[in-house]
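S.K.: Given the coordinates of chain A, work out where chain B should sit on it, guided by the hints.
Heads up: the sequence lines are chains A and B, in that order.
Counted from 1, the first sequence has number 167 at position 167 by my numbering; the numbering is strictly sequential.
Counted from 1, the second sequence has number 394 at position 146 by my numbering; the numbering is strictly sequential.
Be a bit skeptical, because a hint or two may be false.
As the list claims (entries may be wrong) - Covered stretches of chain A, as calculated for chain B (at least 3 residues, CB under 8 angstroms):
#: 1; stretch: 3-15
#: 2; stretch: 85-91
#: 3; stretch: 135-147
Said to hold, decoys possible - Straight-line distance between alpha carbons at most 25 angstroms, and here's what the computed DMTMM-like set of lysine to aspartate or glutamate pairs gives:
#: 4; chain 1: A; residue 1: K11; chain 2: B; residue 2: D416
#: 5; chain 1: A; residue 1: K11; chain 2: B; residue 2: E366
#: 6; chain 1: A; residue 1: K24; chain 2: B; residue 2: D380
#: 7; chain 1: A; residue 1: K85; chain 2: B; residue 2: E366
#: 8; chain 1: B; residue 1: K253; chain 2: B; residue 2: D268
#: 9; chain 1: A; residue 1: K85; chain 2: B; residue 2: E348
#: 10; chain 1: A; residue 1: K15; chain 2: B; residue 2: D339
FYI, nobody ran anything at the bench for these hints, they're computed from the structure.
Remember, it's a predicted structure, so these values are computed and weren't measured experimentally.
Glycine residues also receive a C-beta, built at the ideal position from the N, C-alpha and C atoms.
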Amino acid sequence: MVLEKSMVVAKTDLKMALDVRYVKYSMVVAGGFGPVMAILMVVSSLLLGIPELLSIMVLYASSLIGLFAIMPASLIAANALVGEKEQRTLEPLLCTPLSDKELLMGKVLSSLIPSMVMIIVGTFATMIAANITLLFLNEPFMIIPDISGLVLIFGAGPPMVLAVIAVMILISGKVTRVYEAYQASGSVIILFLIPMFLPLASMQNEMLNPEAVWFSVLLTVLLGVSLMVITWLIAFTRFNRNNMVQLV
Amino acid sequence: MEAVKSTELRKTFGDIIAVDSLNLHVSPGTIFGLLGPNGAGKSTTIRLLSTLLYPDSGTASVHYFDILEDPVAVRRITGVLPEEGNHTHYDSLSAYENLEYFAKLYDVSKDKIHTRIEELLNFMNLWDRKDDKAGELSTGNRQRLALCRALLHEPKVLLLDEPTSALDPIAAKRVRELILNLSKTYGQTFFINSHNLAEVQRICDQIAIINEGKILISGSTSELRATLQTEQEYRIRIIGDVDYAISIIEAEEFVESVEAEVDTIVAMIKNPIENNSILMKKLLDAGVQIVEFAEEETTLEDLYLQVVTGGDV
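Chain B with its partners taken away, still in its complex shape:
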């Protein structure tokens, strides 16, 4: 069973194709990150999955419940943090009243409502502000309140659109920890739209990159790296004659470029999985004393830019 599944999902707004032939498979308990530039179709995808929008064609399901055939069941098991969630509160109601209202609408049992709200507000460090009107809370606190609302009914799947935007670093870290904790402890599935690549790299098990409504690539960070990375930068620190070492490295066909930085050589190697050991052996055979032979870490940002812009930024 998949927590979230979509098949050839398509949504247009007039001439604009927001989501095109979207095929997603997200396993239960997964923290799934959907990355893409502005207008790529990320928020539309969340709106389709949360039954807020009807697709033009294709289908999707959340824990077996089809978004078209059983939308109420889908809404019952999903928690949604909308785009700019900090702007989606009833300003004249207090933080507590906002949550109480939604708890009733989500059918949280009456005897659990207070406990659940207290638990969430405490976790988000908002309990002391529970009686403040939502309109008087800071942007960050409003975002935390929106997260509390999404978590109120302990949904199986959480659809979060930019969950840590507008949060300070400490609050953002707490939210990331919360996501990891909930996923690990209760097996909740998270579907996260984010621009924060470092955050996605840190917490997401699976990633998909979307652009112009189409999924360009998906998989774990390491799978993306393996698929996309045809060359890798290495830092080789040696003792002895750097020029001699460079001459050995340059002689290899699979070396794209070589630069010297004092006692360190920076080399770009094609097909690194096959060729890095060959290069190391050549250097050792030539009597070069290697102190360090390290791979420069490729960040998700590098991969993202490569996919979305072809590396042409």
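Chain A extracted, bound-state conformation:
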């Protein structure tokens, strides 16, 4: 029953978010990024005759797939939480028999579901696109993103998405406009840039140090999980009717 009501909220929030042009386009761009990037990196590294480039680009692609999955979450969560305040729809919503738990779950699901779909579909689409390209180039099959990339995408992606939603809950009491919320969510996205830079520092002879790659990936996952736990611990104390009413 809780889930049923929450899904009603989530579906409506998602529908409204997709009516916003830049949310819709950002999802299209984010979804299509992985496969396009895969084709380009395979073609460029093999045709240019620099196979080492592929391992570096795979790392970047993994980070960017994760990063692009967070962006729609931040946009949808901003619309779902701060948008209620901006449109003054929170008061009638709080007058319904919806419990705080149902409302919270609905708001989380509206951002989490599309982001998870994008992470999963985007990753597999990237794998397929990369391997079709390899097939055309008569090259053997590869796991692209590689194992460390998959750990990064599936280990850090979902916690980061949840952290973005929690950040939105926290800032929804502070900001009045949706675009202000978009800006604030950017701080979480920056964490996903860590794996792009750390391995570069340990590069030797244009080769990535696998240990440095794994270190940066695990560090990002750890930061993502820590951020998720911290933001949600605070968000749980803030997400209650008394606080929400003050937004009305």
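M.R.: Using the frame of chain A, we list chain B on its own:
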């Protein structure tokens, strides 16, 4: 059982006392009007009763359900039209989708949702606009849509904050008729905040006047009149010598003032219930031919101004 009951309800915002020791008793089926100037505490009262705000002290209940102990049950049986309700829609959803969303949240059974929405939109003359986005509707239509939302789940108690504001006279009349009809047919209780005194006088069974968070007076219009009215203006039309009639009227101690308007005398009489018959008898005994002896109707506005401003406007 009372449809709405509050006991010593108090709500403050910082140093501002929005609602102070509020005691209300509204019987089921009553159309109750809460009147008061801006910032008097009317909207805060509705927000407290709709469980949107927690009181600092005191308690309230809606059909036995305590607003603090069982807020979900209270929300299930109340329909709320918030202040400036026309601004509280999801603009990117159609009128129909807005109502469908809230119908699901209010647990309207799936097989009844369409019928109920169609019924309400038709009643409010909005069915033809059902697919229009709420953000594209006119202010009046948005207000009607907000009313539809409040009525969706056939609540026992309706808490309406300025229900006819932003409506044209025809739509406002339809809403008043709807309120009267629902109250009469289904025994729904209406708790209405309004600035429109004529409207309140026309439809409300019970009225309370609130100022600075306190109820100053409550009762039916006639009860308010009886309580507040210590003097009454009468129009006395006669045939014959007006000056002679005035001299008889002026001689009475209970007459506050007398004025002549051609063949009509306007007299202000203290304690009118006791004294109007005495005056009429005096005039008749003096041989004055009375054509009309009529009470000037005291409007709710007169009473309201008397309570809120002490008549000093």
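S.K.: Would you mind marking each hint as holding or not holding in the structure?
M.R.: Each hint tested on the structure:
Counting residues of the stretch 3-15 of chain A whose beta-carbon sits less than 8 angstroms from any beta-carbon of chain B gives 5, enough to reach three: the coverage restraint holds. For the stretch 85-91 of chain A, the stated coverage by chain B is satisfied: 4 residues place a CB nearer than 8 angstroms to a CB of that chain, which reaches the threshold of 3. Look at the stretch 135-147 of chain A against chain B: 0 of its residues bring a Cβ nearer than 8 angstroms to a Cβ of that chain, fewer than three, so the hint is violated. Between the alpha carbons of K11/A and D416/B the distance comes to roughly 35 angstroms, so the proposed pair goes past 25 angstroms and is violated.
As the CA atoms of K11/A and E366/B are separated by approximately 22 angstroms, the hinted pair is consistent with the 25 angstroms bound. As the CA atoms of K24/A and D380/B are separated by approximately 21 angstroms, the hinted pair is consistent with the 25 angstroms bound. With a C-alpha separation of about 29 angstroms, the suggested pair K85/A and E366/B falls outside the 25 angstroms cut-off, and the hint is violated. Of the supplied pair hints, the one linking K253/B and D268/B holds, its CA atoms being roughly 15 angstroms apart against a limit of 25 angstroms.
Proposed proximity of K85/A and E348/B is supported: the alpha carbons are some 21 angstroms apart, at most 25 angstroms. Annotation: proposed proximity of K15/A to D339/B holds, straight-line Cα distance about 12 angstroms (limit 25 angstroms).
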